[in-house]
Structure formats: C-alpha cells, structure tokens
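Build the full structure now, drawing on both the sequences and the hints.
2 protein chains.
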Amino acid sequence: MSIQPILFNGAWVPSQASGTFQAVNPAVQQPMPQVFPVSSWSEIDAVIGASAAAAREMRGWPGSRFAEFLEAYALEIEARADQLVETAHAETGLAKSPRLKDAELPRTVNQIRQAAATARNESWRVPTIDTAVNIRSMYGQLGPVVVFGPNNFPYAYNGIAGGDFAAAIAAGNPVIAKGHPCHPETTRIFGEAAVAALRSTGMPAGLVQLIYRTSHEDGLRLVSDPRIGGIGYTGARQTGLRLKAAADAAGKPIYLELSSINPVFMLPGALAERMEKIADEFTASCLMGAGQFCTNPGLVIVPSGAQGAALTAAVAARFSAAASGTMLAEGVRSSFLKAVQAILGAGAELVTGGQAGGGVGVCCQNTLMQVSAARFLQHPEVFQTEAFGNGSLFVHADSPEQMAELAEHLEGNLTGSIYSETQGADDAACDRLEKVLRTKVGRLLNDKMPTGVAVVSAMNHGGPFPATGHPGFTAVGVPGSVTRFGMLQCYDAVRQHRLPPVLQDRNPGGVWRRINGQWTTADV
Amino acid sequence: MSIQPILFNGAWVPSQASGTFQAVNPAVQQPMPQVFPVSSWSEIDAVIGASAAAAREMRGWPGSRFAEFLEAYALEIEARADQLVETAHAETGLAKSPRLKDAELPRTVNQIRQAAATARNESWRVPTIDTAVNIRSMYGQLGPVVVFGPNNFPYAYNGIAGGDFAAAIAAGNPVIAKGHPCHPETTRIFGEAAVAALRSTGMPAGLVQLIYRTSHEDGLRLVSDPRIGGIGYTGARQTGLRLKAAADAAGKPIYLELSSINPVFMLPGALAERMEKIADEFTASCLMGAGQFCTNPGLVIVPSGAQGAALTAAVAARFSAAASGTMLAEGVRSSFLKAVQAILGAGAELVTGGQAGGGVGVCCQNTLMQVSAARFLQHPEVFQTEAFGNGSLFVHADSPEQMAELAEHLEGNLTGSIYSETQGADDAACDRLEKVLRTKVGRLLNDKMPTGVAVVSAMNHGGPFPATGHPGFTAVGVPGSVTRFGMLQCYDAVRQHRLPPVLQDRNPGGVWRRINGQWTTADV
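Keeping their order, the protein sequence lines are chains A and B.
The first sequence begins at 398 in our numbering and counts up by one.
The second sequence begins at 398 in our numbering and counts up by one.
Please keep in mind that the hints were generated in silico from the structure rather than gathered at the bench.
The list makes no distinction among identical chains, and a pair is therefore deemed to hold if it is satisfied within one copy or across any two copies.
With a straight-line cut-off of 20 Å between C-alpha atoms, the simulated SDA-like cross-links for lysine to any residue are: (1) LYS837 with LEU807; (2) LYS837 with GLU454; (3) LYS837 with GLU798; (4) LYS845 with HIS894; (5) LYS832 with GLN893; (6) LYS832 with ARG462; (7) LYS493 with GLY758; (8) LYS832 with GLN901; (9) LYS837 with ARG624; (10) LYS493 with THR848; (11) LYS837 with PRO797; (12) LYS493 with ALA681; (13) LYS837 with ALA801; (14) LYS832 with ARG453; (15) LYS493 with ASN507; (16) LYS845 with GLY666; (17) LYS837 with HIS776; (18) LYS845 with ALA681.
Set out below in structure tokens:
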C-alpha cells in the first residue's frame, strides 16, 4: 500500500504521515484505490516555512507575474479535463455532464482567469492618491494563505483551484491548500496541473502547496501560526467556528462560508399568477445536485390556507416523482437525516420523504416538511437547522405581516428570495418584507431561485454571521474577493522611485485609481 | 451629590447606576466636580433596544439624511468650542492651544464633515453593477455600532464625536457611544451638541446614545449582543483583546486600534547629512503631548558606533532640557513607568529620565533608553513593550542587514519610518529594509516622523495585528473608514423600482459606480 505524497515546495515528497485515509465512491459505496496521508505537524510546519519563503521572495512583484501563473494553470487544468471529470465523478457521485464537465469545470477556469485579469489590471489594489499631502495607498500582499475547500464543489471551491485559491494568488500570496478528504485524487490532479504551471512560469516553488488532511489540533495550529497571513474556509459550521476562534485569537483574518438555508418567500399574488411554474422552479433548484449547495432553498415561507396547501401538494408530487440524487458521502447523508429528525422533532410535519434511499448509492428520499409560522416562531433556532441535501421546510404564514415577523427571526443567510406578482399586486407586502430580509442576507433575489452563483463583480457570495464570519466580504466576484487577501499599505512622503509602480505619478497601464477622490485612469 | 444622567433615546435620563466615578484633573491632581454613573446592564440593555429601533427606522434611508445630521452636529460642536476646550483641558491636562483649540477640535469637525460628504456622495457604498446578468451590489447599513473612545484624544477619537463615530453614522448606523472615564464631562458636552443636532434634523432619538462606563462583564455582553451590528474600539491592548474575543465569538465585526511603537530607522547617510535636524524632528515628535499618541516613535533603530552614539547624545540633551508634559492620568504614568522598568529589566540602558516628575502635575521625566541590536534580538517581545508616554528606546544596529533582521522581528505596527540620505547614498539599504518593514506596518514613511495623521482618503491609520485587529482596514480617511461599518448587499434580478436609488439605471446624483468593471458617473 503506497501512500500518496504531498506537494511540498514544488515537488511531490513522501508524507511523514500520522495516519492515512481513502475516499469512498458514494455511488458504489466502495473505497477508492488511492491511499492519502494525514499530515503530521512536522510536515505542516515545513510547508508553512516554504510558503513564508515564497511570500518573502515575491514581495513587491507586479500583478502580471501572478496573472501569468493563473493563466498557465487554467490551461493545465483544461488539458486534464477528462481525467478530472472521471475522477471527481467517482469520488463525489456528481454527474459528469452537465454538472462536472459543462458547468463546474468551466466555471472554475473562468474564476481563475477572472482572478488573473484582476491581478494583471491591479484593480483589486484600490490605488488611492492624495496629491496635496503626497499620501498614497493600495492593497498589497497579505502573506501565506491557507485555503480549506468543502466537500460539495470538487473544482470551483477546491482549496487548490477554487475561488479563494485564485483570489489569494491574485493578491500575490502563496497558498497552502488543504484538500477535502471526500475528493483527494481530484485534488491531487489539480496539484499536478499547478506544478506544471509553476515550472512553466518560473514561480517560487512554495507558491502552491498541498496537504490532504490534518488532525483537528494541527488544523487549529496551522491557522494561528505566526507565519500565516490569512485563511479561507468553506465548509461545515462547527469546524469553521473552531478554526475561526483559533485564527481570531491569533489576529489572523479568516474568511468563512459556513452554512445557509436561503429563505424563499412566496407572496400570494405570485402563487395566484404562476403556481405551477414556481413549483417547477423550486423543485429543480432544491433537488439539483441532491440539494448539496450552500445556496439550496431549505426554507420556504408560503401563505397559509389553500394557496400554501396547493403549492405544498404540487411540490410534494414532484419530489415523490423525482429520483433521489447520489450524495457526496455517508456523512452527508447521516447529517441530513439527523437535521430532518431535529426539525420533525420540534413539531414540523413530514409531507414526503424523510428516509434513506430513493436512488443510486448513498442517497435520501427527496424530503419535504411543513410547519405553521406560529410553531416556527416558538423554536426559530431548531427550525433553521441546516438540512444539507435534497430537502426543504415549508412554513405557512397567516399574513404578510407574519412573513415579515418570520424574517426578523432569521439567522444570517447567503441569500433570500421574494417571489411576487409581476403586475404590482404584491408590492406593498414585498416592500415591508424586503426591509427586514435585506438585513439578514448577502444576496436578495426577486422571482428567482438562489442556486446558481454568477461569477461577476457585483455578486455577493457572503452574508451576515453565521452564514459567513463577516458581513462585508464576498467569496465570489472580482476584484472584491481578491482584496480580502490583501493588507492596506500606505505610503506617506515616500520618494517617487521607491513607490510601487501602481502608485507612481505616471500610469502607463491605465490602472483605475482614486486620485483626490475621483476615479481615473490618467497620470497624476 | 447628583449623578450625571445618561443620553438614552434622545433624552437625558437618570442612570440606574451600579456605581459612580469622577475624572481627575491631572495638572492639579484633584477630582473634577461632576459625578458620572457606571451603567447597569438593565440600562445598557434599554440603550441597545433603542439603538436597534433607530436602525430599523432608518433602513434604506439615503445618505443625505445622515449628512445633514453630521453637518448640523459639526456646527453645534463649533458653537461649544470654548466650553469644550476649557473642559478637556481640565480633564486631560492637554494644552488649550494649539493642541485642543487649534488642532484637535478643527480636526474633529473636519472629520465629521468629511464623513458627511461621503454619506452624501454615497462613495463609501462602492456601487457595482453587472448589466448582462442584472446583478448589483453596494454597502448598506450594518446595524447599531458601539464606539469605545480612548483616553488620549478627547475629541478626535471620542466615542461620540471621533472618526469611528462619524464613520458609523455616515454608513447609516446608530451609535452607542461609550465615553472614556478620563474625560466624561467633555464627552457629555458633545452629547448636548448631538441632541441639538438630532432634533434640528429630525433624526430618530436612538441615533446617538451615550453611556460613560460599564463593568468589564457588561462591556463584553454589550459587544456580543445579538442586536449589535459592529464595534469600533481605540485603546489599550489588553481590554481590546478581551472585547475582540467576545465580539469574534458572537460573529460581530470589531475594528480595534490597540497599540503601536512605530519604529523609525535611521540610515547612516541621513545621519551624516542632517543629524541635528533629525534630532530636532525626533524630539518634537516624541515629546509632543507627553508622547501620548498611538503614532509616537517609541523605537528608533540607529547605526551602532559613533553615529548612533552622537544621535543618542543629541537627543538625550534635548530630552533633558525639555519640560515634561502633563500626562492624562495617574494610570498612564504608572503604566509608562512599568513599561520602562520592563525594558530596562531586559537589559536596556537608561540614557536619561526614567522617573516620575519633571513638569506640572502627573508627569514623568522625558525618558531615553538604549540597547544593542544583539540584545534586542534575544528578547524582541519585551523590548517591544509599548511605553505609552514621553519616552523611546534606541537600538544600535551594526549594519543595514541587521536593521532588516530587526525589522523581521517586529510586531505589527501602525507606522514605520525610514530616514535616508537625500541624494541616494542610502538607497540600497533602504530598498532591503523597506521590503521587510512594508509587511509590518500600515503606513510607511520616508524622512518624516509618524505623529500627525492627515485626514485624507489615502491615509491608512491601521496595520497588522496586534496594532489593530485586521490588516485590511483604516480608521482614518474616507470612504474606506466608512465602508467598514457597512454590510455588502447584493441585488439579483431585483426589479428596478425596488432597488436603492444608487443602484438604479439612472444616476442623477453623478455617484461614482463600477459598471461592468469600469468606474463611471454616467447612467447605466
């Protein structure tokens, strides 16, 4: 039994493993052949050291260097597309097409290329110049960034290929990628692509390193190490909060995307106008990828009475008729069923599903639950338990006022949606509701399901705690996601020739800069 | 003995005090006549409730409303200038002129007016629009902000009048001001001005509230209350870190400015060129305001040998000749002397000063210490103890390489300065040093002392932990300081008439917006 090496300082080296693990193919419920290491602290320590050395070497490098690496990396990934699709499918159970091949992999290289463009055009730096006092500032390198990827996006959020990774590199930082144990071989292939890109673009060997697993204790030690600049984490809330506590205590910026149930409010006029269409939209959104999305609509607020009953019945019929998707892992299924039991135990009624099975391999029946708003308001915390998977809870509210009251009791979420009648019949109710919901969610949608995160500048993939660790950042969309991984660097009376090029008087690259309060691409 | 009321929900109401305190005039070392309350949790709880109600009422309000309030407030402050100067002088021992009347008070109203302009022009919101997908985002109200002011700036950082206060209001948030116990009567006068401005501009009664003191336990409870949106804190490290731990655990953004010793590196060419001038500049910066500035130069790295000895002697002579300033409070003096003892105890040599006395009231001798770089590097943490007051530590380094090594061992600081010869003789040493120092400080200066914080857009009054809690923010300079107190709000497919005005297609106010990656003041 040979143990896979780790990617340390530009080379694949044998792991000083304190243990091993294998991923499981969830469709056939059999272990994958490759054996991966649990890294010991001594090798994590060496990885951090190599990352810090790379950060030192790259101090002051122009964005174009990082753009070249990211662009080369995107090509190397595309060259391995078939291998990545086969492997991720086996490790995650996610469909090869359209999901992996036609959606997630293109999104992933697109994110990397957007990050490259941002590094190249320096827009993430927010160059700011006040000429009267000769004070200038921009964002610069933060230092080594640790990126923890989640189980549900083997490409687009992978610690070595996803949005946090690309953003951290674009900001001039080395990355220590921590792969997710559900898809280590997929992650290893990205590592091969990264090494090829590192070499072809002449980047420091420690720019990208990869470990697969650590003990809990070593994970906390890693994020609080003095040599670390910052952390990106996407995953379960409990682990994320432990990492946050450790990083916070050490004064390390940590950006977390933790959990979200993405409330959807159905106003009466919308249901009167297009109930069947809404039932279709909701079902597609909720069951896609076995519901394993951070933006899955896990809570739906409907009008009580005939309308809510009709929508519930329409969705229940669709849920019963649809096959269950294969889940990522047995742990995901058991967490899902446990959350369903918690919600039912608090007084919700099971409409359909609720048991394991219904599809291929590791799976659960498509699950719909319902509860009255009055009951929900008695135990708002329990009813907001995230059931990560192909299920949702419908809450029947007696009035738009009660919908707004429900919104006041929501935790922070990534998204919140309002469906309303298209000719204005719901506008008053929508206005009232929106004022409350706006404070609870990062992204507010109209007449649209929350799944599907467009990778554009104005996207906010973030939201108030506990959906994330801070309401001011987005994990998706440049340049904002890149700026997170920078430190603000001010130059006060620093001589012109010592300034970073982007802060010098001349601006040959036409970088957008804020000079004396006005945005411009001109010279000072 | 009557106890001063607190400012609760627009009115001065008797405090449900759990205790009382009086400030002390440090020049005469006598208690001030006014007696102030230590607020009990029940009244803090009511204050939070009123703040949350104000936040609810102001949801979606345009920036102009907050601009009007801030502008009215600036005028009300100016109308009370004489009273503020007399009172702050008595409570803090700071000179009436130029410090309080001609420097700090004008800076304070200038900060408030800059915040007002930022609220009015909406620039802090970073409005971002991607037209192809109809996704739009901006920063919006965060929620009630608690602002803790420090002892050393009775105006410019006051919880009810300083930079954090003005920034939080400009971002559309109510503020719960926690006055500093060293200058409560000054703070109360600001409260009178705030009430007048609240009334004249028709703002919610809970927009600005004021308490003077809490128990430690209630302070932690306040910053972690679910109704709180965020926190600004300027002050001592130990208290700040306790508040940070509580806020972090509750997922509340907290912006802290904690401590800084502001290293100044003197390169050989600079000293050969202009040693006497540098000694003058340093002495003025280090002794100004009895050294009670967060940007006070508390650590100076000089070349060892004759040059370093000459500068040390020149500064020692100036320190001995200058009168000691009155310190803010007995606690400041005892902390200063304790820090001096810690530094001497680790092996530094006392050059001059080191004892209480030397001026009027609470004061210490101007204090200069020195140590070799080799010794410093044996105990870098102890030698970086902040001695907040009129003192500094000179470190004698054997080479530019050793200066860079010292820089590698620095904690995060607000500022770092490099003095170099004007014709380029020090450029190689400066380049080497700058690469390291850049990663350790928020603001890098050339040939300039760090005291004096220009209130401009490009200023970074911030820096890496433990100087602050996060290397990406500045406490001074709009719009950045305002954006801290916002949450990122994204609108996905939201109907045009429901969008905030600043995100609608038309842009009659000419707000700077980033549309499809380009900054513009035009319509979509």
